[in-house]
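Work the whole structure out from these sequences, hints included.
Protein sequences appear in the order of chains D and U. Going by our numbering, the first residue of the first sequence is number 1, and it counts up by one from there. Going by our numbering, the first residue of the second sequence is number 1001, and it counts up by one from there.
Heads up, a few of these hints could be off.
Computed from the model, here is a short list of chain U residues facing chain D with C-beta under 7 Å [stated by the list, open to error]:
| hint | residue |
| --- | --- |
| 1 | Leu1124 |
| 2 | Ala1126 |
| 3 | Ala1129 |
| 4 | Leu1133 |
If you want the ones that stay clear, here's a sample from chain D, every Cβ over 12 Å from chain U, calculated [unchecked claim]:
| hint | residue |
| --- | --- |
| 5 | Val7 |
| 6 | Ala88 |
| 7 | Met159 |
Hints in this document: simulated from the structure, not taken from any laboratory. Computed from a prediction, not measured in an experiment: that's the story for all the values here. Backbone N, C-alpha and C define an ideal beta-carbon position, used for all residues, glycine too.
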Amino acid sequence: MRWSYLVAALAALPTPAVAHDAFGDLGPFYANLLHPMADPMQAALALGTAAFLAGRSLNTVRIALPVFVASAALSYLVLGWRFGVTAAPIMASAAAIAVGAAAMLPERWTPVAAALVLVTGTGAFVGLSPDQPVPSDLAQAIIGTLLGIAAFILIAWAMLDATARHVSQLAPPIIGSWVAAVGLLAGAFSFQIETTDAMGVSTSRDGLSVQGADQ
Amino acid sequence: MLLLLIRNWRILLGAVTAFTVAHSLSLGAASLGWIVVPAPPVEAIVALSIAFLAAELVQPAGEEKRLTERYPWAVAFASGLLHGLGFARALLEVGLPQGDVPLALLAFNLGVEAGQILFIAVALIAGLALARLYPSVQAQLAPGAAGLRWVAYGVGALAAFWVVERVSGFVA
Chain D
1 MRWSYLVAAL AALPTPAVAH DAFGDLGPFY ANLLHPMADP MQAALALGTA
51 AFLAGRSLNT VRIALPVFVA SAALSYLVLG WRFGVTAAPI MASAAAIAVG
101 AAAMLPERWT PVAAALVLVT GTGAFVGLSP DQPVPSDLAQ AIIGTLLGIA
151 AFILIAWAML DATARHVSQL APPIIGSWVA AVGLLAGAFS FQIETTDAMG
201 VSTSRDGLSV QGADQ
Chain U
1001 MLLLLIRNWR ILLGAVTAFT VAHSLSLGAA SLGWIVVPAP PVEAIVALSI
1051 AFLAAELVQP AGEEKRLTER YPWAVAFASG LLHGLGFARA LLEVGLPQGD
1101 VPLALLAFNL GVEAGQILFI AVALIAGLAL ARLYPSVQAQ LAPGAAGLRW
1151 VAYGVGALAA FWVVERVSGF VA
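Below is the structure:
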């Protein structure tokens, strides 16, 4: 009975909500710094890499973590900014599946060299996110990108490593399986073929309207 | 900077609280129009306060205690007052709803607090992770270590650049 009063009060209380952009233009530094948290595929790749590294020895992580960050920074700077290359969704999905699956493997199956090749690849895809903000100030954008990706993977690794040591060693493989599943889903969606009708409405192959052509 | 300067947890908690109280006061006063200070000098002084903290960090941890060690709450309170004025400018840019000024101030302040706590948490987790991965890094950030001085010089140089840039912006 109390709940009904509460529900009635909550139904009567709300006033019209006015949406607004609370942050505005963040600028090149903060936009790039926070980007891993705004781009699902970039976050999934970084999280998958963190999960993979959380299942490896500290000696491997000490080398692999800087390699990952350097690979992301170089791909963003050289391939992304200099040559305008972006990662095809199907390729980024394949990278997520690979790193997620690798996170489920025991360390003896992933020698250091293979681990380095894997994190170099995922780092490169993380740096080539298709909607990474266009840098108006290159120095700020590079520093923001580097810091954002480095902080994201360092903290994700630290939390997964601590969870694996103190709670359950299954944590990294479970996160890896989620990342692989995200990669599978994203890969499946990337196969959808879009067509545009005379009214300018973009329609996917399954007939669902996905977006207006003026966007 | 306070995280690097104050290593005692209780004192750090007190300093962060003093900073929070101070910026809440100046943010409220400036947002309600009780204090009217032009933005450019405030921004320059905010940058100067960061340069001051960097200078404190450069000083070796010797016999003579630094100002931040002697009066941590006072230093944090003064910094908080200055930063609150800067936050007020950001809040006024977003726009205060005329009907709900106290509620908007409270919500904005809570957002700033959440941001501060989140930043401290992220910095601590990153610090612990780096200490586990690279124990030598932790040694380099101990009071008086060379690595800490390099960090202080870097932050100080950046803050000094901001001071010159911001002062030249309203003097020239």
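Closest CB-CB distance from Val7 (chain D) to chain U, is it above 12 Å?
-> Its Cβ never comes within 12 Å of chain U, the nearest being 24 Å, so this holds.
Check: Close enough to count: is the Cβ of Leu1133 (chain U) nearer than 7 Å to one in chain D?
Finding: Interface hint status for Leu1133 (chain U): holds (6 Å vs cutoff 7 Å).
Was Ala88 (chain D) rightly flagged as not at the interface, with every chain U Cβ beyond 12 Å? holds (32 Å)
Holds or violated: the hint that Ala1129 (chain U) contacts chain D, with Cβ atoms closer than 7 Å. Holds - the Cβ of Ala1129 (chain U) comes within 7 Å of chain D, reaching about 3 Å at its closest.
Given Leu1124 (chain U) as an interface hint, is the shortest Cβ-Cβ distance to chain D below 7 Å? Leu1124 (chain U) check fails; min Cβ-Cβ to chain D is 10 Å, beyond 7 Å.
Exercise. Please settle this one: Met159 (chain D) was flagged as non-interface, so is its CB more than 12 Å from every CB on chain U?
Key: violated (7 Å)
Was the hint right that Ala1126 (chain U) lines chain D, CB cutoff 7 Å?
holds (5 Å)
Checked against the numbered hints given earlier, this structure breaks hints 1, 7; the rest are met.
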